[in-house]
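Using the sequences plus the hints, can you model the full thing?
Protein chains in written order, with the numbering used here: chain A, 1 to 205; chain B, 1001 to 1205.
Keep in mind the hints are simulated off the structure, nothing from the lab.
This structure is a prediction, so every number in the text was calculated from the model and none was measured.
Virtual Cβ for every residue (Gly too), placed ideally from N, Cα, C.
A hint or two may mislead.
Residues from chain A that face chain B, not an exhaustive set, calculated with beta carbons under 7 Å [said to hold, decoys possible]:
no.: 1; residue: Ser25
no.: 2; residue: Gly28
no.: 3; residue: Glu118
no.: 4; residue: Ser120
no.: 5; residue: Met140
no.: 6; residue: Glu161
no.: 7; residue: Ser165
no.: 8; residue: Gly172
no.: 9; residue: Gln173
no.: 10; residue: Phe176
no.: 11; residue: Lys178
no.: 12; residue: Leu179
no.: 13; residue: Ala195
Number of protein chains: 2
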Amino acid sequence: MGRTSDAGEKILAAGRSLFEERGYSALGVAEICRAAGVPKGSFYYFYESKEALALAVVDEHWAEQRREWTRVLSAAGGDTEPLERLRRLFEETEAGLRAGQQGCGTVLGCLFGNLSLEMSNQTEAVRTRLQEIFDAQVEMVDAVVTEARDRGDVTVTDTREAARSVVAQLEGQVMFAKLYNNTGRLSPLWSNCLALLGARAAHSV
Amino acid sequence: MGRTSDAGEKILAAGRSLFEERGYSALGVAEICRAAGVPKGSFYYFYESKEALALAVVDEHWAEQRREWTRVLSAAGGDTEPLERLRRLFEETEAGLRAGQQGCGTVLGCLFGNLSLEMSNQTEAVRTRLQEIFDAQVEMVDAVVTEARDRGDVTVTDTREAARSVVAQLEGQVMFAKLYNNTGRLSPLWSNCLALLGARAAHSV
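As structure tokens, this is what we get:
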């Protein structure tokens, strides 16, 4: 039992790094098992299909990222100014991508963005899961934008739409950080976020 | 000769729609030939590899899109106001995605963005080509932003960085239009563009 559940975790970990590095379609179950160091037969004991593994990888990655985002974006985390918390979210995203690049030589980008463009037309289960994740991200950003608006820090009126645009800008810049293998591409995120939110001049410096 | 070159075009056309619908890794040469209605043997007469076909598809798509962008963004095209031309670029992008969705039931997104996230870590040839295309897009947007700045329509100082952010916002919103299969996701593009460029109030209405 100990060994068995260990194999399940190894498959999940191998799936996570392989999906991040090479996407979904390029991979076969045999290769994932080889990377995990488990016999191919044991794959189907844990996962019904490669798609089921992809969903498990997405869920695990989101559980982790949601903890991070909650920590950074919540007022209890330290910064009381809502906009400062958003700024920290971009800084930590950039730091995370930089660390990944140092580890494997290339900017891997956002697993959810990667899978959205590769797979959303291919499997409804993955599409739905990714929609839920981005909805949750937008909701978290919206809460902070609403706080900022209530304090008069930003002038935007439709906070939900603004939050969507902030997340879209993040995904677009992460795409370019990946394509150009250059995390410096993320440096305009903060000033763009202020512009998209209609931040008062004091914050634009 | 007539028949032979016809087969080459059929392979290119099939590659184009299959790469747009399903990405790169999910496809095999045999399937592309089946869709093109040509014998598999003839593939290698025209293309050295699937990667060579992908590059040809990318080049053909960009030649077409560049003509469109040049038409829309050039002052000779009709609109003399630079910001109006940018606005038209977003409108035509949305119309194009909507037409595609009506044709095949789903928003296919941006072929260059799709391949950037799926393939830029996999093949340097594709990465380089996509970088050149996005560089060219940014340069075209930059030229219009510079015109707008020289007229005093926008306040942004680093026009290259601003153009990159406008293209990133476009790619991010197109990602969500694809993920949610909803071209309505593109509607904030124009007001976001104005915000990112620091447009004067007259244009923000």
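Outcome of the hint check:
1. Ser25: holds, 4 Å
2. Gly28: Cβ of Gly28 (chain A) sits 11 Å from chain B, so the hint is violated.
3. Glu118: Holds. Min distance 5 Å.
4. Ser120: holds, 5 Å
5. Met140: With Cβ-Cβ at 16 Å, over 7 Å, it is violated.
6. Glu161: Holds. Min distance 6 Å.
7. Ser165: holds, 5 Å
8. Gly172: holds, 3 Å
9. Gln173: Result: holds, 5 Å to nearest chain B Cβ.
10. Phe176: holds, 6 Å
11. Lys178: This interface hint holds because 6 Å falls under the 7 Å limit.
12. Leu179: OK, holds: Leu179 (chain A) within 7 Å of chain B, min 4 Å.
13. Ala195: holds, 5 Å
Consistency with the previously given hints fails for numbers 2 and 5, ordered from lowest to highest.
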